[in-house]
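Residue numbers (numbering that gives the first Met the number 0), protein chains in the order written: chain A, 0 to 226; chain B, 0 to 335; chain C, 0 to 67.
Take these hints with a grain of salt, some might be off.
As the list claims (entries may be wrong) - Under the rule of at most 16 Å between Cα atoms (straight-line distance), these lysine to aspartate or glutamate pairs were calculated in the EDC-like manner:
1) A/201 x B/179
2) A/201 x A/136
3) B/129 x A/208
4) B/190 x A/136
5) B/190 x B/148
6) B/213 x B/256
7) B/43 x B/325
8) B/46 x B/318
9) B/242 x B/252
10) B/190 x A/86
11) A/190 x B/179
12) A/12 x A/86
13) A/20 x A/76
14) B/49 x B/256
15) B/233 x B/216
Quick caveat, the hints were computed from the structure, so don't treat them as lab data.
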Amino acid sequence: MIIAEQKPLAEVKALVADAQKVLVVGCGTCVTVCFAGGAREAAIMAASLRMATQLDGNGKEVAEVVVQRQCEWEYLDEIAQQVGEVDVVLSLGCGIGVQAMVEHFSNAWVVPGLNTSFLGLPTEQGVWAERCAACGDCILGLTGGICPIARCSKSLLNGPCGGSENGHCEINAEVPCAWQLIYDRLSSLGKLDRLLEIQPPKNWRTARDGGPRKIVRPDLRLPAEEE
Amino acid sequence: MPPEPNGNGYLSGSNLEKVLKHGHFAVTGELGPPQNADGEVIRKKAKLLKGNCDAVNLTDNQTAIVRMSSIGAGAIVVQEGLEPIIQMTCRDRNRLAMQSDLLGAYALGMRNLLCLSGDHQTFGNHPTAKNVFDLDSIQMVQMVSLMRDTKVFQCGEAFKGQEPRFFVGAAESPFANPIEFRPLRLGKKVKAGASFIQTQLIYDIEAFKTFMTKVRELGLSEKVYILAGVGPLKSPTMARYMKDNVPGLWIPDQLIERMAAVGAPWAGKSKDELTKEDKKARSAAWQTEGIKICIELIQQIREIEGVAGVHIMAIEWEEAVKPIVEGAGLLPRPIV
Amino acid sequence: MNDNEFEPNIIAFCCHYCAYAAADLAGSLRLEYPTAVKVVELPCTGKLDVLYVLRAFENGADGVLVAG
């Protein structure tokens, strides 16, 4: 899922500084389960903003609402009226949610309350870690199901580099060396021979390097309307 | 040895390649470019190294700190009559920049190339930079070998005219984790086209012997020239720091104790109690011992089957190279 | 108590099983405590949420007491 975290309150305050009426819009999907922008966080954000701005002497009207998925336009229709009544919409969705609202509400000023961090999973209570870089050409089948693009600091395809030390990466003792993980897994599964092949340079065109990406599925498209 | 040589029987015709091919025990050095645009720094260091090494590595933004480019500095080294080994990392360049820079480097007279992943930029002085890592070091070795041997760019497109003919090398850290995989990964570098290998600093001779045994068993020492990395210790503090902080760097305690022992006359005194002269004398004692240890290491390394030379890393201490090479009985350097 | 003296509004979130029961007992014993303390019973203080505290402050509380 998408992992995000809240921006500091001071930054959020600056983003909504010009507005008198604010609508905090939470999202009921990824950011709810990573405790960054669900119903509870939206309510806390709204209350915090109300109190903080009141203490600053310019108390704002801050309301909150949550949609099931901010990244799908059909879920946004239900908040159209509320969006129309405020000066600024503070999205507690991921970056996709912010842009979905911008695209759906042409007159709304939408600002982000979260920093969208990465695609990952919770590894223990209160800890999330990156797992996928959305490179568009999955190589997990080669690496024992551990992604070196997302998890090796240098995205090496023929690792590990010389910076692998006692299982962790040279950049930080908190970062596991992805190639040590790959090595250990393939070793325990008796498939080390897979690491002996030289992996050729990656085609990064399917990643962000190829420009903004888009998928078109003709089988799912609706027939074009007759003129 | 390596792939089919072209024309004159050499892959590149570099001095380093010739020295190795003729079976001499090679000596390479290291020249760190300055953090400024002063070419004189390069000339001075080149003068210290000339005649003592067969070729010298020019580091590429070493430890991710901005320095004069390895190719720019290499051009000055060529002018000084010393042979450069251009280091190139995957951190700062994509495949386009790598290839075009190497075409330029060849045109400027450079003939040796060392392909590296590169230290992560978070270590250096621009930790907020975006990194590249379009290729990894093994893919870079393959790319430049194919440019040389088949006259094609990485994209597969053939090119006409002069191909860049580099003597291509790679690095190896024998004691980095996972240690069992290191010789196998070295095999991948050889398969990719590496002709020579320079290792991380070796202080633990026994561990290195074990590594070399595995390398010989895999038949790699017959396919690639292995230059063992050595370097003079400057002080026991520096030795301990390197041991604790540099991945894959093993320094036996006994060597650190030897370094500490020569500083004994000044031991037990606080910083303030030591006069300037004391500190100077202690430094000199440490440095003499550091050089002595380095010479002994080279002598032991020379005895290991499959080692084709040494790579002396005397970073910011180029003056040490001559006494080391001389002390190890490796002067004069062969003229081939 | 001096009329000019500030008397804070305190919201006391109390656990049903201990603090709330204690407040109940205090009542039975006719013990007095300031009227500015408002007791909110929770099934357990583990049920307390940041939002309750924020709501209390937003609605004019000067202090929040959590007892359990």
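Verification of the hints:
About 26 Å separates the Cα atoms of residue 201 of chain A and residue 179 of chain B, which puts this hinted pair outside 16 Å; it is violated. This hinted pair checks out: residue 201 of chain A and residue 136 of chain A have alpha carbons roughly 9 Å apart, not beyond 16 Å. Distance restraint check for residue 129 of chain B and residue 208 of chain A: the Cα-Cα separation of roughly 13 Å lies within the 16 Å cut-off, and the hinted pair is therefore satisfied. Among the hinted pairs, residue 190 of chain B with residue 136 of chain A is inconsistent with the structure: their alpha-carbon atoms are about 25 Å apart, more than 16 Å.
Annotation: proposed proximity of residue 190 of chain B to residue 148 of chain B holds, straight-line Cα distance about 14 Å (limit 16 Å). Our distance criterion of 16 Å between C-alpha atoms is broken by residue 213 of chain B and residue 256 of chain B, whose separation comes to about 30 Å. For the hint linking residue 43 of chain B to residue 325 of chain B, the alpha-carbon distance of about 20 Å lies beyond 16 Å, and the restraint is violated. Among the hinted pairs, residue 46 of chain B with residue 318 of chain B is consistent with the structure: their alpha-carbon atoms are about 10 Å apart, no more than 16 Å.
Restraint check for residue 242 of chain B and residue 252 of chain B: satisfied, since their Cα atoms lie roughly 9 Å apart, inside the 16 Å limit. Pair hint residue 190 of chain B plus residue 86 of chain A does not hold up; C-alpha atoms about 63 Å apart against a cutoff of 16 Å. Distance restraint check for residue 190 of chain A and residue 179 of chain B: the Cα-Cα separation of roughly 15 Å lies within the 16 Å cut-off, and the hinted pair is therefore satisfied. Between the alpha carbons of residue 12 of chain A and residue 86 of chain A the distance comes to roughly 14 Å, so the proposed pair stays at or under 16 Å and holds.
The suggested pairing of residue 20 of chain A with residue 76 of chain A is violated, with an alpha-carbon distance near 20 Å, which exceeds 16 Å. In summary, the hint linking residue 49 of chain B to residue 256 of chain B is not supported, as the alpha carbons are separated by about 33 Å, beyond the 16 Å threshold. Straight-line distance between C-alpha atoms of residue 233 of chain B and residue 216 of chain B comes to about 35 Å, which puts the hinted pair past the 16 Å bound.
Going down the numbered hints, you'll see the structure goes against 1, 4, 6, 7, 10, 13, 14 and 15, while the others check out.
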